[in-house]
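Chemist: If you want the building blocks of each chain, they are given just below.
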Amino acid sequence: NAGVTQTPKFQVLKTGQSMTLQCAQDMNHEYMSWYRQDPGMGLRLIHYSVGAGITDQGEVPNGYNVSRSTTEDFPLRLLSAAPSQTSVYFCASSYSGAPYEQYFGPGTRLTVT
Amino acid sequence: EDQVTQSPEALRLQEGESSSLNCSYTVSGLRGLFWYRQDPGKGPEFLFTLYSAGEEKEKERLKATLTKKESFLHITAPKPEDSATYLCAVQAGIPGAGSYQLTFGKGTKLSVIP
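Keeping their order, the protein sequence lines are chains Z and L. Numbering follows the numbering used here, with no gaps: position 27 of the first sequence is 27. Start counting at 1 in the second sequence, then tack on 113, and there's your number in the numbering used here.
Hint data in this document are derived by calculation from the structure and do not stem from the laboratory. Mixed in with the good hints, there may be bad ones.
As the list claims (entries may be wrong) - Pairs of lysine-lysine residues, derived as DSS-like cross-links and limited to a Cα-Cα distance of at most 27 Å, are as follows: (1) 9/Z - 219/L; (2) 219/L - 155/L; (3) 219/L - 182/L; (4) 181/L - 155/L; (5) 170/L - 182/L; (6) 155/L - 9/Z; (7) 155/L - 172/L; (8) 9/Z - 222/L; (9) 181/L - 170/L; (10) 172/L - 222/L; (11) 155/L - 14/Z; (12) 181/L - 222/L.
To be verified - Here are the simulated distance ranges between beta carbons: (13) 192/L - 63/Z: 38 to 44 Å; (14) 2/Z - 194/L: 22 to 28 Å; (15) 52/Z - 129/L: 46 to 52 Å; (16) 96/Z - 180/L: 25 to 31 Å.
Said to hold, decoys possible - In silico negatives: residues of chain L with every beta carbon more than 12 Å from chain Z: (17) 119; (18) 125; (19) 137; (20) 143; (21) 155; (22) 171; (23) 194; (24) 195; (25) 224.
Think of the CB as a built atom: it goes at the ideal place given N, C-alpha and C, for glycine as much as any other residue.
Make the full structure from the sequences, and use the hints.
Modeler: Here it is, written out as structure tokens:
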């Protein structure tokens, strides 16, 4: 099992550029989510999905888009990058139902200049 | 609004010096409290889930406990390899779509000096 994988590991964008952060899991988890982690702010939820075809917004969704066409993949799209989106992004997955633990990927460090 | 507060923000211990990290929470309908360990440049690594007041879980030198208002992560005779940031998170609300959201504290950075 690879668990939760994320690509790329590092990315530098210019303001206004768009890009997609990739996330995949091989544990057959229904629930997947994206968080951003900023110094002094903790982990904050961006978007989440409870299954293929179902997505919803978290605490900080503005400027981000998601879709879930398969159980395994949950990409995060930045539509027009802004310096405020400089952060470390983590994807996580878990079984749905009971409060199961979420498993995190290794993260993508994004810098927007 | 769910709130999670961790203290202290940073803790330096000598190797072998036991201590505790605190996580206090304010939520409506706690469903689970989670402890994670995060090493620099890595994603959070799951440690424990606690579901109800009075519950305790242990793993090697770590022991997590839960009351109705807070959780403690006790570290017994820590070693340098225990140095990391420890994160606490809560999951609350009515079961159903959207109720798997985790609310995280800001973490406690633990340094264990040889």
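Chemist: All hints are to be evaluated individually against the structure, with a verdict given for each.
Modeler: Each hint tested on the structure:
As the CA atoms of residue 9/Z and residue 219/L are separated by approximately 23 Å, the hinted pair is consistent with the 27 Å bound. Pair hint residue 219/L plus residue 155/L holds up; C-alpha atoms about 16 Å apart against a cutoff of 27 Å. For the hint linking residue 219/L to residue 182/L, the alpha-carbon distance of about 17 Å falls within 27 Å, and the restraint holds. Between the alpha carbons of residue 181/L and residue 155/L the distance comes to roughly 31 Å, so the proposed pair goes past 27 Å and is violated.
A C-alpha spacing of about 17 Å is found between residue 170/L and residue 182/L, which places the hinted pair at or below 27 Å, so the restraint holds. For the proposed pair residue 155/L and residue 9/Z, the alpha carbon gap of about 10 Å is at most 27 Å, so the pair holds. Distance check on the hinted pair: residue 155/L and residue 172/L sit about 21 Å apart at the alpha-carbon level, within 27 Å; holds. Proposed proximity of residue 9/Z and residue 222/L is supported: the alpha carbons are some 23 Å apart, at most 27 Å.
Restraint check for residue 181/L and residue 170/L: the C-alpha separation of about 16 Å stays at or below 27 Å, so the hint holds. For the given pair, residue 172/L sits about 19 Å from residue 222/L by alpha-carbon distance, which is consistent with the 27 Å threshold. Between residue 155/L and residue 14/Z, the direct Cα distance comes to roughly 25 Å. Compliance with the 27 Å bound is thereby established for this hinted pair. Proximity of residue 181/L to residue 222/L is assessed by CA-CA distance (about 24 Å); at most 27 Å being required, the pair is judged to hold.
Checking the proposed 38 to 44 Å range against residue 192/L and residue 63/Z shows it holds: the Cβ atoms sit about 42 Å from each other. For the hinted restraint 22 to 28 Å between residue 2/Z and residue 194/L, the CB-CB distance of approximately 25 Å keeps it satisfied. For residue 52/Z and residue 129/L, the hinted distance range of 46 to 52 Å is satisfied, since their beta carbons lie about 50 Å from each other. Between residue 96/Z and residue 180/L, the C-beta spacing of about 28 Å keeps the proposed range 25 to 31 Å intact.
A beta-carbon of chain Z is positioned within 12 Å of the beta-carbon of residue 119/L; the least distance is around 9 Å. Its beta-carbon lying about 19 Å from the closest one in chain Z, residue 125/L satisfies the requirement of being farther than 12 Å from that chain. Look at residue 137/L: its CB is around 14 Å from the nearest CB on chain Z, clear of 12 Å, so calling it non-interface holds up. With a closest Cβ-Cβ approach of about 9 Å to chain Z, residue 143/L is found to fall inside the 12 Å limit, against its non-interface label.
Distance to chain Z contradicts residue 155/L as a non-interface residue, since its nearest Cβ pair spans about 6 Å, not more than 12 Å. At the 12 Å boundary, the C-beta of residue 171/L stays outside the reach of chain Z, the nearest C-beta of that chain being 16 Å off. The non-interface label for residue 194/L is consistent with chain Z: the shortest C-beta to C-beta separation is roughly 19 Å, beyond 12 Å. Separation of residue 195/L from chain Z is adequate, the least Cβ-Cβ distance of about 19 Å exceeding the 12 Å criterion.
Once the 12 Å rule is applied to beta carbons, residue 224/L is consistent with being away from chain Z; the minimum gap is 17 Å.
The structure is inconsistent with the numbered hints 4, 17, 20 and 21, although it conforms to all the rest.
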